[in-house]
Amino acid sequence: MTAAVPSAPAPAPSGSRRRRRRSGFATALPFLAPALLAYAVFVVAPMFESVRLSFFEWTGFVGAPQEFVGLKNYIKIFTQDAVFWTALRNTVIWVVLSLIIPLTISLALAVALNRPLFGRNVFRSMFYIPGVLASIAVANMWRWIYNPNYGVGESLGTAFGLPWLSDIQWLGDQKIALYSVFAAFVWQSVGTNMVLFLAGLQAVQSEHIEAARIDGANAWQVFRNVTLPALRPTMVIVTVLTFIGSIKVFDLIVGMTGGGPAQQTQVLALWSYQQSLGNHQYGMGNAIATVLLLITLLIVVPYLAWTARQEER
Amino acid sequence: MRTKRAVAAIVAAGMLAAGLAACSAGDDAGSGATTITYWKLTDADDASKKAWSEILNGFEDSHPDIKVKVEERSTDGHKEALRTALGTSGAPDVYWSWAGPGIGGEFVKAGGSLDLKKYYDKYDWTSRFGDSTLSTVKQYGQWDGVPSGQSGAGVYYNKELFEKAGITSTPTTYEELVEDADKLVAAGITPIEFGGTVNWHLMRLLDNILMAQCGSDTFQALVTTKADWSKEKCVTAAFEEFHTWTQKYLTKGWASLSDSEANALFFKGDAAMVIEGSWFDNVLRANDVDTSKIGVFLFPTGTGQLYGDVSSNYITPTSKHPDEAAEFLDYLTSEKAQKISLDLVGARPVNTAVQVDPTKEDSLDKQWDPIFADAKGLYEFNDQALSLAQTTEYWRIQNLVATDELDPADAGAEFQKFIDQQ
Numbered sequence: 001m002t003a004a005v006p007s008a009p010a011p012a013p014s015g016s017r018r019r020r021r022r023s024g025f026a027t028a029l030p031f032l033a034p035a036l037l038a039y040a041v042f043v044v045a046p047m048f049e050s051v052r053l054s055f056f057e058w059t060g061f062v063g064a065p066q067e068f069v070g071l072k073n074y075i076k077i078f079t080q081d082a083v084f085w086t087a088l089r090n091t092v093i094w095v096v097l098s099l100i101i102p103l104t105i106s107l108a109l110a111v112a113l114n115r116p117l118f119g120r121n122v123f124r125s126m127f128y129i130p131g132v133l134a135s136i137a138v139a140n141m142w143r144w145i146y147n148p149n150y151g152v153g154e155s156l157g158t159a160f161g162l163p164w165l166s167d168i169q170w171l172g173d174q175k176i177a178l179y180s181v182f183a184a185f186v187w188q189s190v191g192t193n194m195v196l197f198l199a200g201l202q203a204v205q206s207e208h209i210e211a212a213r214i215d216g217a218n219a220w221q222v223f224r225n226v227t228l229p230a231l232r233p234t235m236v237i238v239t240v241l242t243f244i245g246s247i248k249v250f251d252l253i254v255g256m257t258g259g260g261p262a263q264q265t266q267v268l269a270l271w272s273y274q275q276s277l278g279n280h281q282y283g284m285g286n287a288i289a290t291v292l293l294l295i296t297l298l299i300v301v302p303y304l305a306w307t308a309r310q311e312e313r
Numbered sequence: 001m002r003t004k005r006a007v008a009a010i011v012a013a014g015m016l017a018a019g020l021a022a023c024s025a026g027d028d029a030g031s032g033a034t035t036i037t038y039w040k041l042t043d044a045d046d047a048s049k050k051a052w053s054e055i056l057n058g059f060e061d062s063h064p065d066i067k068v069k070v071e072e073r074s075t076d077g078h079k080e081a082l083r084t085a086l087g088t089s090g091a092p093d094v095y096w097s098w099a100g101p102g103i104g105g106e107f108v109k110a111g112g113s114l115d116l117k118k119y120y121d122k123y124d125w126t127s128r129f130g131d132s133t134l135s136t137v138k139q140y141g142q143w144d145g146v147p148s149g150q151s152g153a154g155v156y157y158n159k160e161l162f163e164k165a166g167i168t169s170t171p172t173t174y175e176e177l178v179e180d181a182d183k184l185v186a187a188g189i190t191p192i193e194f195g196g197t198v199n200w201h202l203m204r205l206l207d208n209i210l211m212a213q214c215g216s217d218t219f220q221a222l223v224t225t226k227a228d229w230s231k232e233k234c235v236t237a238a239f240e241e242f243h244t245w246t247q248k249y250l251t252k253g254w255a256s257l258s259d260s261e262a263n264a265l266f267f268k269g270d271a272a273m274v275i276e277g278s279w280f281d282n283v284l285r286a287n288d289v290d291t292s293k294i295g296v297f298l299f300p301t302g303t304g305q306l307y308g309d310v311s312s313n314y315i316t317p318t319s320k321h322p323d324e325a326a327e328f329l330d331y332l333t334s335e336k337a338q339k340i341s342l343d344l345v346g347a348r349p350v351n352t353a354v355q356v357d358p359t360k361e362d363s364l365d366k367q368w369d370p371i372f373a374d375a376k377g378l379y380e381f382n383d384q385a386l387s388l389a390q391t392t393e394y395w396r397i398q399n400l401v402a403t404d405e406l407d408p409a410d411a412g413a414e415f416q417k418f419i420d421q422q
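Quick mapping for you: the protein sequence lines, in order, are chains C and U. UniProt numbering applies: residue 1 is where the first sequence begins, and numbers increase by one. UniProt numbering applies: residue 1 is where the second sequence begins, and numbers increase by one.
Note that these hints are calculated values from the structure, not bench results. From a predicted model like this one, the values you see are computed outputs, not experimental measurements. A virtual CB, placed ideally from N, CA and C, is assigned to each residue, including glycine. Each hint should be verified, as a subset may be incorrect.
Said to hold, decoys possible - Cut-off 20 Å, straight-line C-alpha distance, at most; resulting in silico cross-link-like pairs (PhoX-like, lysine-lysine): (1) U:Lys164 <-> U:Lys248; (2) U:Lys336 <-> U:Lys67; (3) U:Lys122 <-> U:Lys320; (4) C:Lys76 <-> U:Lys417; (5) U:Lys376 <-> U:Lys366; (6) C:Lys72 <-> U:Lys417; (7) C:Lys175 <-> U:Lys252; (8) U:Lys118 <-> U:Lys320; (9) U:Lys50 <-> U:Lys336.
As the list claims (entries may be wrong) - Chain U is nowhere near these chain C residues, computed Cβ spacing over 10 Å in every case: (10) Leu32; (11) Ala33; (12) Phe48; (13) Ala112; (14) Gly119; (15) Leu156; (16) Phe160; (17) Thr192; (18) Asp215; (19) Thr227; (20) Pro302; (21) Tyr303.
Hey, can you work out the whole structure from these sequences and the hints?
Here it is as C-alpha cells:
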C-alpha cells in the first residue's frame with residue numbers, strides 16, 4: 001500500500017527573486033530611457049496629437065484657431081464623405097492582395113533560389129533590385145509602361161495586331177487602374193520579401209529534410225510538413241511587415257494616379273494626406289488617420305499575440 | 001590624455017556652435033547683405049529663364065545690400081509647399097501665387113499675407129496698376145500682394161489640321177465649335193487633348209462649357225455657391241455637353257496622361273486643339289513648334305469674357321525682412337523689369353506704363369492683343385474660384401462624368417450635396 005503523496009504546490013517567487021527582477025529593471029532603465037524617450041517624443045506623442053486633432057476643425061495653418069467639434073469629423077467621414085468608403089474598400093483590397101500575391105511569389109522565388117542553381121546569386125540580385133528603388137522612380141517607370149500612346153501595351157498591341165491590347169487604359173480605366181498600380185507594387189516588393197524568406201530558409205535543418213525524404217515524403221510533403229513550419233517565425237515577420245506596409249500604401253498611388261481617375265484608386269493614407277494638406281481639413285484628415293491606426297492595431301496586435309502563443313506551445 | 005581630449009571636444013563644440021551661429025545669421029553676417037527668400041513656379045522655357053535671370057541680376061546689382069534666394073517648384077509642388085510652410089518659420093519672405101479665392105484667397109484667409117497698405121503708400125503702387133488688377137489686391141479686405149501678371153486662356157488650334165478638316169474660320173458660337181469638332185472627327189483627327197492625371201487640365205473644358213451654357217451671371221452665382229447646382233438647368237446641360245466632348249472628341253487615354261504628356265500630342269500635330277493660357281506661346285516655342293501654324297481664339301461662351309487668372313506676389317507676415325521684400329516687389333513691377341518680361345517672354349505687363357509693342361510680337365502673340373483688348377471681364381479657373389474642398393469634389397464629379405461613371409443629369413445634384421454638407 002502506498003500512501004498518496006500530494007504534489008507540492010509550485011513555489012511562490014521568493015522575495016530575493018522579486019528583488020532581483022526589480023533591480024534588473026532598474027539596471028536596464030538608464031540604457032532604455034533614451035530610446036524610450038525618443039519613441040515617446042517622435043512616435044507616441046504625434047500619434048496622440050493626431051487623434052486629438054481628429055476632434056477639432058483646423059485649417060492646419062499655424063495660428064489658425066482649432067475648434068473642438070467632438071465626433072463631427074468621424075460622422076462626416078462615415079456618412080458624408082463619398083471618397084472615404086472608396087478609399088477604405090481600395091485599402092482592404094490592396095491589403096488582401098498584398099498578403100496573397102507578392103507573398104506567394106516571394107516564397108516561391110526564395111524556395112527556388114535556395115537550391116544550388118547555376119547563377120543563383122545573380123538571380124537573387126536581379127529580383128531584389130526593384131526593392132531598393134525609390135517608389136516614386138518605380139511609379140514613373142510604370143507610368144511610362146502604361147502610357148496609352150507609347151507604352152508597352154500600345155507597342156505590343158500595334159506590333160502583334162491586337163488593337164484591344166492597345167486600347168486598354170491601364171491607369172485611366174477606373175475598373176482596372178488600382179490593379180495596374182498593384183502590379184507595380186508586386187514587381188517592387190517581391191524581392192525584399194524573397195530575401196527575408198531566404199534568410200528564414202537557412203534555418204531549416206537539412207537533416208530534417210533528409211529524414212523526411214528517407215521516410216518517403218515527396219517534394220510537396222517536405223515543403224508542407226518540414227520547410228513551412230520551420231519558416232513560421234519568418235512568415236510572421238513578413239506577414240506583419242507586408243500588412244503594415246500595404247495598409248499605409250501611399251507613394252506608388254501618388255506617383256501613378258494621384259488617387260484618380262475620379263478618386264477611384266484612392267486609399268486611406270493618401271486621402272488622409274489630401275484632406276489635411278490638400279483641402280486644409282486637418283480634422284477630417286486626422287480622423288481618417290485615426291481610423292487607419294485603429295484598423296492596423298485591431299489586426300496586428302491580436303495576430304502578434306496569437307503567433308506568440310503558438311510559439312510558446 | 002583625458003584633459004587633452006576634453007579640450008579638443010570643447011574646441012570642436014565651440015567651432016560647431018560658431019559655424020551654426022554663422023549659418024543661422026545666414027548671408028546677412030557673411031556679406032553684410034540681407035537675404036530674402038522667394039518661392040515661385042519653375043520657369044518651363046529658356047526665354048522665361050533668361051528673363052527671370054536678367055530681372056534678378058538687375059535687382060541684386062541695383063540693391064547690393066539685398067540678396068534673393070529663389071526656390072522654384074512645379075505647379076502642384078508649389079501649392080503644397082506653400083500650404084505646408086505658411087505660418088511657420090519655414091515660410092519664404094515672398095511668394096508668388098494665383099490670386100483667386102480658391103488658392104491665393106485660402107492663403108490670405110490662413111494669415112499667409114502681410115497687409116501691404118504702408119508699402120502701397122510708400123511706393124505709390126496704386127498709380128502703377130490698372131483698376132482690374134488692383135481690385136484683386138483688395139478683394140479679401142486688406143492690401144494683399146502686388147500684382148504679378150494676368151493670363152488669358154483660350155483655345156489653341158493647329159491651323160493645318162483645321163484646314164485639313166475643311167474648317168475655314170474659327171468658331172464664334174459654341175454650336176460652331178461643336179460642328180468643327182465633328183468635322184475634325186470625320187477627317188480622322190483628334191479634336192482636343194487634355195491630361196487627366198492633373199485634374200485642372202480637363203477642368204478648363206468643363207469650366208468653359210459651364211460658362212457657355214449658363215451665361216456669366218449664373219456662372220458667377222454657381223461658383224460663389226449663391227446659386228443651387230441641383231436646380232439650374234444649365235448645369236445639367238453643361239455636364240451633358242461635357243460628357244459628349246469626353247466621349248467623342250477627347251484624345252485617347254486622356255485619363256492616364258499628365259498635362260505635359262497630353263500637350264506633346266498637340267506639339268506633334270496629333271490633336272487639333274487644347275485650352276491653354278497665354279503663357280503657352282512660349283511653351284510652344286520651347287518645344288520647337290512653328291507658331292505661325294498655330295492660332296488661338298477665345299472659347300465661344302457667348303459672354304465675351306476672358307477665361308484666365310491674375311497672379312500676385314505676397315509678403316508673408318512671418319518675414320523678418322518685409323522692407324527688403326517690398327523693395328524687391330517694387331523692382332519686379334518696375335517699368336524696367338516689366339519691359340524685360342514683355343520683350344523676352346511676351347508676358348502681359350501689369351505696370352500700366354509699359355505698353356505692348358505689336359511690332360515686336362510674333363504672329364501668335366499678336367493674336368492675343370485683340371482678345372485682351374476686347375474682353376468684357378474675367379472669369380477665373382474654377383480651381384481658383386471654388387474653395388479647396390469644393391475643387392476636389394468638382395474634379396471628382398468632372399472625372400466621374402468623363403469616365404461614364406456618373407449620369408450627367410445627377411452631377412449638379414451631387415456637387416450641391418457636397419456644398420450643403422460643408
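Hint check results:
no. : hint                  : in the structure
1   : U:Lys164 <-> U:Lys248 : 19 Å, holds
2   : U:Lys336 <-> U:Lys67  : 19 Å, holds
3   : U:Lys122 <-> U:Lys320 : 19 Å, holds
4   : C:Lys76 <-> U:Lys417  : 13 Å, holds
5   : U:Lys376 <-> U:Lys366 : 19 Å, holds
6   : C:Lys72 <-> U:Lys417  : 17 Å, holds
7   : C:Lys175 <-> U:Lys252 : 17 Å, holds
8   : U:Lys118 <-> U:Lys320 : 16 Å, holds
9   : U:Lys50 <-> U:Lys336  : 15 Å, holds
10  : Leu32                 : 26 Å, holds
11  : Ala33                 : 23 Å, holds
12  : Phe48                 : 21 Å, holds
13  : Ala112                : 35 Å, holds
14  : Gly119                : 37 Å, holds
15  : Leu156                : 15 Å, holds
16  : Phe160                : 19 Å, holds
17  : Thr192                : 28 Å, holds
18  : Asp215                : 56 Å, holds
19  : Thr227                : 42 Å, holds
20  : Pro302                : 36 Å, holds
21  : Tyr303                : 35 Å, holds
In terms of the numbered hints stated before, the structure departs from none.
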